[in-house]
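With the hints as constraints, model all of the structure from the sequences given.
Top line first, the protein sequences correspond to chains L and Z. Every letter in the first sequence is one number past the one before it in the working numbering, and letter 235, counting from 1, is 235. Whatever position you read off the second sequence (first residue = 1), add 1000 for the working numbering.
By construction, these hints were calculated from the structure, which means they are not laboratory data. Virtual Cβ for every residue (Gly too), placed ideally from N, Cα, C. One or more hints might be untrue.
Cross-link-like lysine-lysine pairs, in silico, DSSO-like; alpha carbons within 27 Å at most [said to hold, decoys possible]:
hint, chain 1, residue 1, chain 2, residue 2
1, Z, Lys1100, L, Lys172
2, L, Lys158, Z, Lys1100
3, Z, Lys1088, L, Lys102
4, L, Lys146, L, Lys24
5, L, Lys102, L, Lys24
6, Z, Lys1084, L, Lys39
7, Z, Lys1100, L, Lys168
8, Z, Lys1199, L, Lys102
9, L, Lys102, Z, Lys1016
10, Z, Lys1500, Z, Lys1153
11, L, Lys158, L, Lys146
12, Z, Lys1195, Z, Lys1460
13, L, Lys172, Z, Lys1153
14, L, Lys172, Z, Lys1460
15, Z, Lys1016, Z, Lys1028
16, Z, Lys1199, Z, Lys1453
17, Z, Lys1100, L, Lys159
18, L, Lys89, Z, Lys1084
19, Z, Lys1088, L, Lys39
20, L, Lys172, Z, Lys1453
21, L, Lys172, Z, Lys1199
22, L, Lys39, Z, Lys1016
23, Z, Lys1452, Z, Lys1100
24, Z, Lys1100, L, Lys152
25, L, Lys24, Z, Lys1084
26, L, Lys168, L, Lys146
27, L, Lys168, Z, Lys1433
28, L, Lys168, L, Lys158
29, Z, Lys1500, Z, Lys1271
Facing chain L, according to a computed beta carbon distance under 7 Å, are these residues of chain Z, among others [claimed, not checked]:
hint, residue
30, Val1080
31, Pro1185
32, Tyr1348
33, Ile1383
34, Lys1393
35, Gly1397
36, Met1404
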Amino acid sequence: MIKAEESAGSWVRDPKTGRVIAPKQQPGYYPGYSTLGQKAYWDAKTREVVEDRVYNIPPIRFFTEEEALTMEAVCNRIVPQDDRTPDRKIPIVPFIDERLFKNETDGYRFADMPSDRDAYRLGMRAIDETARTIHGVPFVDLDSLKQDFILKSLHDGKKLAANAIWEKMSIKRFWHLLVTDSVGVYYAHPWAWDEIGYGGPAYPRGYTRLEGGQPEPWEVDEQPYEWEAPPNSISDIYEPGPGAGSVSGQGATH
Amino acid sequence: MKTPVFGAFKRPHDDKTILGPMQRISVKDMHRFRESEAVDYCIVGVGSAGGVLCQRLAKSGFNVVGLEAGPFWDTERDWVSDEKGSHKLYWTDLRITGGKDPLAFGENNSGKGVGGGSVHWAAFAPRFHPSDFRVYTEDGVGADWPISYDDLKPYYELLEREIPVAGPAYFPWGDPHGYPYGPHPLGGIGDVLMKGCTKLGIPVVAGGPVAILSASRGDRPHCIYRGFCIQGCKVGAKASTLITHVPEALRCGAEIRDLSMAFRISMEDKKRVNGVFYYDQEGHEHFQRAKAVIVAGYAIETPRLLLNSACPGHERGLANSSDTVGRYLMAQAGNVVLGRFAELIRPYKAPPAHALTEHFYETDPGRGFARGFAIQTVAPLPIAFAKQMMKAKGAWGWGMRRVMMDYNHWATLGVLGEILPWADNRVQLADEKDQFGIPIANVTFSLHDNDKKMIEFGKKTVMEVMWAAGAEEVVQESRYAHLVGAARMGNDPSTSVVDKFGRTHDVSNLFVCDGSILPTQGSANPGLTIQSLAARTADYLISQGEKIFTSEERDMTAPPIRRNLAVEGAFIHGVPRVWN
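Here is the structure:
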C-alpha cells in the first residue's frame, strides 16, 4: 500500500501542467480495451492457463521472508506500478518465487553464473548489503529514489558495495536475470496486455486486419497521452548497460 | 460462453490425439515393439529429421522405433495461445554455456517433444544456395560439403511439396525457383521490410518462403494469422513433423516412444552398435535393441549422446576417432533491429516469418569478409519484446513501462548471418549431471574476426533498411539463431564424423541425421535442409537394405530419389511438377 505522504511523489505527472495523474485501473493508451473480456473467444486450455495466472497467485515458497520483502521492494522499482490502482497491481514476486521453487529454468546457465536459485539468494543479499553499507538501513527501508540509485548501479554493472558477493557472479548477468524475470511476469498478465494494446490469445478466431496497424473489431484505437515518471525515480531513461546485446536470449524471432 | 462471431474450430472430445482442430491420430492404436526385439532402426530424437526418417523407413517396411525425450503432444489440450504458457515446448534441461560469446538455448533454439524444434520454428523454409556447398573452394574459409546443391535439389523440391512451403511464384536467389503454395498476406512488419528495401533498391520477396499453409490441405486448415508460430501452431497450418510426417509414420507401423531419454548407445562389439539405453519418465532404465541406430538429437544432444557413449575401443566417445564430435558448432547471427514508427504496426499479427531478402547472401569481396546474411521479418510478442528493450535500450523501471506502452509502434527485422565453423566452438561434457544423472553439455562459443565483420555489416545494413522505411528511432539487440554442426559430414574420416549419407566413419551401423551434420550453414534457416537431408539418408538406407545390418561395406553410390515415399497428399491436384 502506498503511504499517503509518499503518494504524490510516486505518481506520474502531466508534463504540461505538472499535475499528478491519479493512479488508474488501466494505464496506457487503450482505454476500455480488455483482453480478458474476449476470453469467450479463446480456446479452453488457453483460457484455463491465463485465468489461473490472474486468479491463483502462488504462495511464497522459495524465498525467505526477508528475501521476499527485499524482492518485493526491488520488483516495485524494476516494474513500478504506482500508476495502477491497488486493486490492479500485477503480482510479480510470487511468480518468480514459483519458478525458483519448481526450479524451472530457461535451459542454460552461463559458465560464470551460479544456479538461478543461488543467484537470487546472492543477489538479494548483495542488494541489501549495499543499502546497509551506504545508508545504514535495509534496502526495504530506503526511499524509492535511493532504491533506484542502487538498482541503477546494477544496471551499470558497478559494484557500490558487497564486493565479496559480486565476486561469485556477474553483476551484469544478474541484472539481466532480474529484469528478464520481472518483465516476463508483468507482460504475461492480461492487464499488461490491455495497457499496451496487445491482442492476446487469438485461437481459434485469428486476426483479420494485418496491415496498417488496424484494430480488429474487438480491439480499440490508440489514445496516447503525455506522462512523465514520478520525481522519486530515475529509471525513465535509456542507457544500454555494459555488454548490452552481448547476451543473446529469447525466442520469438527466426 | 458466447459463440465466437467468426465461428470456431470444434473442441475435441474423444480419445484421439489432436494435431490441430481437424487432424487426429490415435496413439492407442500405435504398434508397440518389444524392447528385446531387435528393430531395424532405433531413431533417437523425433524432430525435424527424426520425423521424416520414421515416416520414410516405416513406409518402406522397416521396423522403426523413435525415442523422443519429450511428450507426444495433443495440441488442442496441451498448447496455448500464450507466450509464457508455451515454455514446455522448449528443451529446458540444464546446459552450461560459455566462451567469449555464449549462446542461449531453451526457447531460443531447442525443442522437446514429438516434432522437436519444428514445433516452435518460425517456419522460414528457404533452400541453401549452390555456393553453400563449396564454401572452402570458393572463399578459402569454412568447409566444403561432401555433396553438391544438385544432390540435394530434388529433395528440396520434394519436401517443399510435402510440408508444404508457401511463397512467391519466383524466388530469385541461389538457384531460382517457385513455391507450390501462394504467398501469405503481409503484416505490418512485412510492410516495413518491403518499404525499406524498395527505397534502397534492394530486391525483396513477400509472403514466404514459409512452411505455413496459405490454403487448406487434407486435414490441415490454412493459417489464421494469429502470430503464435513460435508458441506451437494449434491451428495445424504451420508445418511440424508432428503433423506432416509422424501421422503417416504411425499409420505405417512405426512406434514413437515419447518421454524416453536416451543416454547411451550400446556396442555389440568394437565395430557395431546393437541398441540404445534410455530412461523413461520415472527414471527407470530401458534398453531398445536395434540393428542400426540413427542419432537425430540436434546440435547439442547429438554430440552429448555420442560423447556419453564412450566405451572401450571408443574412449573419446562414439564416432569420435577424429576428435570432431562436438566441434564446429555453429549458430547464425540473429541480430534483431527494432524501429519505432509514428504509425501503428501491431507487430503481433501475421506469422513472424513472412518476408525476406537474400540480396546480401553471397560473398562480396568489397565488404571485407567472406559469405553474407539474409534480412528477415521477426515479430516478438510482448515478453520477448520487453527483453529486447532491456538489452537494446537498457530499459527498466519507468523507461520499460514507457517503451512497452509503445509496443504497437515497433517493427522488428532480423539479420540472419553466416557464422563460420570453428573447431573451438564446441560441445563437451560438463561434470554436472541432469535429473537422470547423465552428464550435461558444456558449450563454448566465440565469434571470430570474419563473423564479427559480417555481423557489423549486417546489422548496419538492416538498420539502414529500417531508417529507409521511415523509422524515427532504430536500436538493435545482438543474438543468435539456430544451432547446427557439431557432428559434421565430410569425405575425410580424420576431419569429419559422418560420410555424405550420414553414416559415421567409425561405426558402420550408426548414423547421424539432423542439423549437426551440416559442415557450413549459409544464411538460410536450416529446417528445410535438415528435412531434405533426412529424406535423402532414408533413400540411401532403403537402397542399401539389409546390408546396413550385416555388412561393413560402404557403398557410396547415391540412391535414386523415391518420390513415392512422400507423405500422402504431396502431389494433389494443382501442384506443379517442376522436375524433369
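Quick rundown of the hints versus the structure:
1. For the hint linking Z/Lys1100 to L/Lys172, the alpha-carbon distance of about 15 Å falls within 27 Å, and the restraint holds.
2. A threshold of 27 Å between alpha carbons decides the hint, and for L/Lys158 with Z/Lys1100 the separation of about 21 Å falls inside it, so the pair holds.
3. With a C-alpha separation of about 13 Å, the suggested pair Z/Lys1088 and L/Lys102 falls inside the 27 Å cut-off, and the hint holds.
4. A threshold of 27 Å between alpha carbons decides the hint, and for L/Lys146 with L/Lys24 the separation of about 26 Å falls inside it, so the pair holds.
5. In summary, the hint linking L/Lys102 to L/Lys24 is not supported, as the alpha carbons are separated by about 34 Å, beyond the 27 Å threshold.
6. Distance restraint check for Z/Lys1084 and L/Lys39: the Cα-Cα separation of roughly 17 Å lies within the 27 Å cut-off, and the hinted pair is therefore satisfied.
7. Taking the CA atoms of Z/Lys1100 and L/Lys168, the gap is about 18 Å. The hint holds against a cut of 27 Å.
8. Between the alpha carbons of Z/Lys1199 and L/Lys102 the distance comes to roughly 51 Å, so the proposed pair goes past 27 Å and is violated.
9. Restraint check for L/Lys102 and Z/Lys1016: not satisfied, since their Cα atoms lie roughly 31 Å apart, outside the 27 Å limit.
10. Between Z/Lys1500 and Z/Lys1153 the alpha-carbon distance is near 15 Å, which keeps this suggested pair within the 27 Å criterion.
11. This hinted pair checks out: L/Lys158 and L/Lys146 have alpha carbons roughly 15 Å apart, not beyond 27 Å.
12. Note on Z/Lys1195 and Z/Lys1460: the hinted pairing holds, with a Cα-Cα distance of about 17 Å set against a maximum of 27 Å.
13. Taken as a hint, the L/Lys172 and Z/Lys1153 pair is broken in the structure, with Cα atoms around 46 Å apart against an allowance of 27 Å.
14. In summary, the hint linking L/Lys172 to Z/Lys1460 is supported, as the alpha carbons are separated by about 25 Å, within the 27 Å threshold.
15. Restraint check: the Cα-Cα separation between Z/Lys1016 and Z/Lys1028 comes to about 8 Å, which is no more than 27 Å; the hinted pair holds.
16. Restraint check for Z/Lys1199 and Z/Lys1453: satisfied, since their Cα atoms lie roughly 25 Å apart, inside the 27 Å limit.
17. Straight-line distance between C-alpha atoms of Z/Lys1100 and L/Lys159 comes to about 22 Å, which keeps the hinted pair within the 27 Å bound.
18. Distance hint between L/Lys89 and Z/Lys1084 is fulfilled; the C-alpha atoms sit about 19 Å from each other, no more than 27 Å.
19. For the given pair, Z/Lys1088 sits about 22 Å from L/Lys39 by alpha-carbon distance, which is consistent with the 27 Å threshold.
20. A hinted pair counts as satisfied when its Cα atoms are at most 27 Å apart, and L/Lys172 with Z/Lys1453 qualifies at roughly 25 Å.
21. Proximity of L/Lys172 to Z/Lys1199 is assessed by CA-CA distance (about 39 Å); at most 27 Å being required, the pair is judged violated.
22. Restraint check for L/Lys39 and Z/Lys1016: satisfied, since their Cα atoms lie roughly 26 Å apart, inside the 27 Å limit.
23. Taken as a hint, the Z/Lys1452 and Z/Lys1100 pair is honoured in the structure, with Cα atoms around 12 Å apart against an allowance of 27 Å.
24. At most 27 Å may separate the alpha-carbon atoms for a hinted pair to count; Z/Lys1100 and L/Lys152 meet this at roughly 25 Å.
25. At roughly 26 Å between alpha-carbon atoms, L/Lys24 and Z/Lys1084 fall within 27 Å of each other, so this suggested pair holds.
26. For the proposed pair L/Lys168 and L/Lys146, the alpha carbon gap of about 25 Å is at most 27 Å, so the pair holds.
27. Proposed proximity of L/Lys168 and Z/Lys1433 is supported: the alpha carbons are some 21 Å apart, at most 27 Å.
28. Using a Cα cut-off of 27 Å, the hinted pair L/Lys168 and L/Lys158 holds, with the two alpha carbons roughly 15 Å apart.
29. A threshold of 27 Å between alpha carbons decides the hint, and for Z/Lys1500 with Z/Lys1271 the separation of about 20 Å falls inside it, so the pair holds.
30. At its closest, the beta carbon of Z/Val1080 sits 4 Å from a beta carbon of chain L; the interface hint therefore holds under the 7 Å criterion.
31. This hint holds: Z/Pro1185 has a C-beta 6 Å from the nearest C-beta of chain L, less than the 7 Å allowed.
32. A least Cβ separation of about 6 Å between Z/Tyr1348 and chain L falls short of the 7 Å threshold, and the interface hint therefore holds.
33. With a cut of 7 Å, the hint placing Z/Ile1383 at the interface with chain L holds, because the nearest CB-to-CB distance is about 5 Å.
34. With a cut of 7 Å, the hint placing Z/Lys1393 at the interface with chain L holds, because the nearest CB-to-CB distance is about 4 Å.
35. Taken as an interface hint, Z/Gly1397 checks out: its beta carbon lies about 2 Å from the nearest beta carbon of chain L, inside 7 Å.
36. Because the closest C-beta pair between Z/Met1404 and chain L is about 5 Å apart, less than 7 Å, the hint holds.
Of the numbered hints given earlier, the model fails hints 5, 8, 9, 13, 21; all others are met.
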